[in-house]
Every structure is written in C-alpha cells, then in structure tokens.
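Student: Next come the chains, spelled out residue by residue.
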Amino acid sequence: MSDARSRLARQRTQEPEPWIGRYSTSRSFDTGAEVSLRCVSGNPSPAPAIPALEARSLGRRFGAVCALAELDLRIEAGEGFALLGANGAGKTTFLRLAAGLLVPSTGELRVAGQCPSRHPERVRRVLGFAMETSRLQPALRVESFLRFAAAARGMPRAAARRAVERVVAETGLGDVLRRAIGHCSRGYQQRVALAQALIGEPSVLLVDEPGAGLDPAQRLELWQLLAGLRGARTLVISTHDLEEARRLADRAAVLSQGRLRAQGPVGELLRDPAPLSLFRSGAGA
Amino acid sequence: MRPFLALLRLELLQLFSQPAAYLALSGVAAITALLFFDHLRLYNQLLFVYATTTLGGFSADTIPDHVNLWDQVFFPVAEQLGITWLAALPLVTMRAFAEERARGSDELLLCAGVGPGALVLAKFAVGLCFALLLVAVSFVYPATAIARGGLGASHLAAVFLGLSLHAIAVASLGLACSAFTQSQLVAAVAGWASAFVLWDFSWAYPFVSERAAGFLDALSLHPRYSAFAEGSVELGHAVYFAAVAAVCAALARLSFDLRRAGG
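Respectively, the protein sequence lines represent chains Z and W.
Its first residue numbered 10, the first sequence is counted upward by one per residue in our numbering.
Its first residue numbered 443, the second sequence is counted upward by one per residue in our numbering.
No incorrect hints appear here.
Pair by pair, the computed Cβ-Cβ distance ranges are: (1) W/Gly-559 / Z/Phe-71: 22 to 28 Å; (2) Z/Gly-181 / W/Ala-692: 40 to 46 Å; (3) Z/Arg-175 / W/Val-689: 40 to 46 Å; (4) W/Pro-461 / Z/Pro-225: 34 to 40 Å; (5) W/Gly-559 / Z/Asp-81: 31 to 37 Å; (6) W/Ala-660 / Z/Leu-186: 53 to 59 Å; (7) W/Ala-472 / Z/Cys-75: 51 to 57 Å; (8) Z/Glu-277 / W/Gly-559: 44 to 50 Å.
Not the full set, but computed from the structure, chain Z residues with beta-carbon under 8 Å of chain W: (9) Ala-108; (10) Val-112; (11) Glu-130; (12) Arg-133; (13) Phe-138; (14) Ser-143; (15) Arg-144; (16) Leu-145; (17) Ala-148; (18) Ser-153; (19) Phe-157; (20) Ala-158; (21) Ala-160; (22) Ala-161; (23) Gly-163; (24) Gly-209.
These are calculated hints, taken from the structure and not from any lab test.
Since this is a predicted model, take the numbers as computed values, not measurements.
All residues carry an ideal CB built from backbone N, CA and C; glycine is no exception.
Produce the complete structure using the sequences and hints provided.
Tutor: In structure tokens, the structure reads:
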C-alpha cells in the first residue's frame, strides 16, 4: 500500500523511479544499454532506453526576448550531437538549461531522466559542461584549478589526485600543469575547461563552441581529443562551424531565432541547403 | 563539507593572489594612522594650551576632566572608524559576486558541483574574515591609545567587538548588493547607499510618529555601535549585527534563484 502511495506521489511530482537515479549515475549508462522501465514492478518486458537529453516544447524567455521556443529534441545516450546556429540562435541557452543554470519558461527538459530545473545537483553528477574559456579563473594554476574541481565534486584527497592525473592524461595538459590559466594559450585553456568538465566522469558532456578562437592546428588537435572522448559518453556541442559538426557529431539540429528549423544525421543535414540557408544567412542572430 | 572547504580555499587563493587585498590593508592602516595621530596632535595642543595658560603644568588639577585621552582621541577615532568602514568596505566587497557574475565564472563553479548555498557561505566567510583582518589592522593605534590611557582590557575587548560586528554588518550589506548585479560600480554604490541609510535613521524622526521613530532607532547601526565604543556589551546589539549578516546572506542566496528564473 505504501509502495503504491509513494509511486503515485512520484508520478504526481513527475519524479523518476528510484532506480533511474541509480542508473543515471552508474557506468552502464555510458554504454547506452537498455534498461527495463518495469523492473520495479517485476514485469521484465523491455522498454526504450532513457535518452541522454530530452526536450519537450522547451521554451525560455529573457524578458521580451524569446531565446528558445517550442523546442522538441531527443538526444540518445552515447550519441554525438551538434547544435548549429548563428549567434543568438539559442544554442548556449539550451546548454545552460540542460546544466540547470536556467529554469525553462515553458516545456520540460530531462537529462538522463532527471529534471535539471528541479534537481540541478543530481543532473550535475552525470553531466559535465565545458564552458567558454573566459569563465575560467585566470589567476589560478591549472593544477590548483583541477584539484579544486575534483574536491568540489566531493572527492577525497587521494581520489581527487587520481582524477586530476586521469584528466590531465586525457586532455594532454601535462606541460602546463604549473602555469596560471591566464598565461596558457587559448588551446590549452579550452583543454582546461574540458578537463574540468571530465573530472567527474560524466556520462553527458556539453561543450560550448569548442573550436572558437583557436588556430587551425589547435582546432584540429581539440577535435581529435573530443572525437576520442565521444565513444564513452554522450557529446553535445554548440557550434557555428559546419566542419566541427561533421567531425564530432552523428546528428545535428539547426536553431534559428530560438526555434528548431531542422534536425537529422549530420551528413544529410549538410547536404540539404534549405535549413542551412537559415544558418548561413545569420537569420538567428 | 568538502566542496565548501575547497571553495573556501579557492576564494582565499584568489583574494590573496591579487594586489587589491594588500592595497586595501595598507590603505586602511594609513587612514587609521592618519586619524589617530591627527587627534593625538590636537589633544597634545589642547593639553599644552591648558598647561601654559593656567600656569598649572601638566599634572595640575587645572586641566578639565573632559580633556583626556579617551574623550579627545579614542572616542572620536572609534566613531570615525565606524564611518570609515561604511565608506571602505563596499569597495572591498563589490567584487565578490559581481565580478564572477560578469565573467560567468560563478556558473562554472555551479557546474563543477558547488551548490549556490555553499558558494554564498564561502564568499561571506572569506569576505567577513577579510573585513575582520582590516579591523585588526586598523585597531593597532586605538588599542595602543586604550592601553596607554588606562582604559583596561575589558573596554578594549568591547570596542574591538563593536568594530568587528559593525564591519561584519557593513561587509554583509556590500556582499548582498554585489550578489544582485554584474557591475562592481553599482555594487559599491548600492553598498554605500544601504550602509549609510542603515547607519542612522535619526534624520527621519521629525517626519514619523514616535512609534515609528522607535522602530527606526532599533534598526540603526550607529546607536548599537556607539554602545560598544563606550564599553557596553549587550547581547541584543550583537544579535542585531548577526541578524543583519544572516539576512544579507539569505538575500545573496535568493539572488541565485532569481537569476535562474530570470536570467
């Protein structure tokens, strides 16, 4: 009786079943393995996998400005996904909504089954967000900053040291570990942002304009790095760069003026001039 | 607890890795020295005038009671230090939240796993500790005056407690103002305005009823600070200063929710 009551209460508050929370933090999510939605009630029939990100009629206004409207999007676990659009199209707003930094004005968004507006701390356990490099702490050394990022996630000292060593190896930051972030090149700063996002071993990685401001060689190196990270986790990037989207994503969505204009496999999308004309003309700016 | 401690360490590292902190400490030490020695000089001149015009010498009874180190040097310095904090502390606290908000680095901290509550607590802890450090620096000369003037350790402790609580309240007002804006200038001006308004409501007494005047008097910083400066320690006054700090911290926490909802 009490089980039924608690299930009913969860449905009313749109809370996920308890196993969803366990699942979302477990390693099995990384592989995108399917999980039975009815395992609690004992019915073994399979159900669809929980998407990494799912938006339904998602909208966000900033006063009179509509940054995002009626966005329906589903990004599967393990997928590489690119949000394409001109400046002001709503790409970063979508990423900030996914990270729980903003609350939607309308609609709903779920990240690994969790609602970021209601439970941002739960979402941030499974999500890493590599933001623009200008948001880093320029006066801190790379090592101090990464150690802080590990401690901020509640890791004990030994685990934090191992996590820092792991992300330093993954992102190739060994040479600049003792350098102040503000004194690193743009390419290394982008890697620091990425290393910070990876430190909690997230199953969903959001990267805001990864190649912005990098020279061609740095951009190529970063793409290789991100491509190597993709297999283990869901990668969502926002970008203006079609080549970046082609290299890093399986599917893409074109946003313009806060609205979804097209979505599909990157190859098909890049061949079709209709939705891309919106993007090229900067209609979303 | 671990994220909070990590953030505390980060905030301290950031604060003391920039020259602004050392400039503030030096500036406060210089202003206090200037205030103290200026009053000491006037006091010495007054003593000299009495000693020479009454021909009684420095140790005679011809010097009136009110011409003493406490009334002529220490009390005016303590009063002026209270006003100095109103002017100086918003300049120290204006950066705390506003700079991070303008750069967007507070969002990065939130994504790194730090909760907004821990972020506010860490910023308040570091901001208030720095305010106390400034008080300690500014207190060297007045403390010397009290010790030399024979006012006693209990009086010294009461004055130091009053200065510290006053600095905590004013710094909290500055931090709360900083949490609601991206502009350091706006944060500083709002901090000054709120601190000066809260300093003393006696200007409003002619315009309000007696009951309202009593209420405004209870809200004023100045009468409570003066009580400490005179050597009187009352729990109610200490609770008042702590309540100002707590309300400001709650407002700063609220600013994060408002920002999530409003952008």
